[in-house]
Structures are given as structure tokens and as C-alpha cells.
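**Student:** Sequence:
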Amino acid sequence: MFLARVIGSVVSTKKDEAMKGRKLVILRPLLVDESNPAQFRSGSNTIVAVDAMGAGLDEVVLFCQGSSARQASGMKSLPVDAVIVGIVDSVDVLNQKIYPAKS
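In my numbering, the protein residues as written are 56 to 158.
Take these hints with a grain of salt, some might be off.
To be verified - Cross-link-like lysine-lysine pairs, in silico, BS3-like; alpha carbons within 25 Å at most: (1) Lys152 with Lys69; (2) Lys70 with Lys131; (3) Lys152 with Lys75; (4) Lys131 with Lys78.
Keep in mind that the hints were calculated from the coordinates and are not lab data. On a predicted model such as this, the values are computed, not experimentally measured, just so you know.
Produce the complete structure using the sequences and hints provided.
**Tutor:** Structural data, given as C-alpha cells:
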């Protein structure tokens, strides 16, 4: 599993029949730098994922890729490579809470 932030959505009116009714979102993977764990660093790539959890814009989520993505509930027969499998409440790194960030 990986951490990412939801940064947008994708609308596709023509797609594989099995994908109809599935919400697609754009994810920006998040990285943790152990030398400065006070905050996330955004990765440089973006990923389109099926949102199986109902995540909202700017939320931090857990997602799976590859064959692991199809192990998520209801995804086995779908042509997917990335699926959101959790919405993150908090993240602690080296005894520092980095999400939600301290105010």
C-alpha cells in the first residue's frame, strides 16, 4: 500500500462496461523523508485510481497498485491498476504526527 493525496477527478463517459458507475480520481503519491519527517513530500507523478471508499478532494488515502489492486472488494474482474482502499485519519513518523499536521 501507498499514501497519496486526492488532487482531482476523471470523467470518462466511454469505458469498459465493467467500469461503469466507478468513481475515478487523480492521486499524487506522498513520500516521507526520514531526515525531515515533519511533513509529507509530494511525488512528481500522478495516478488515476478507482475510488472504492468515497474519498474527497485533498484527502490523504491508502491505495494499492498492480495485482494487489484487484484484490480489493469488488475489483477482481475489473481492468484496474490502482484502487483506493482506505482514507487516512492520521500518520505518525518517528514519533512525530505529520498528518493531520499540527496547527
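**Student:** Evaluate each hint against the coordinates.
**Tutor:** Here is how each hint holds up against the structure:
1. Lys152 with Lys69: With Cα atoms ~42 Å apart, Lys152 and Lys69 exceed 25 Å; violated.
2. Lys70 with Lys131: Status holds; Cα separation ~17 Å.
3. Lys152 with Lys75: violated, 38 Å
4. Lys131 with Lys78: This hinted pair holds, its Cα atoms lying about 16 Å apart.
Checked against the numbered hints given earlier, this structure breaks hints 1, 3; the rest are met.
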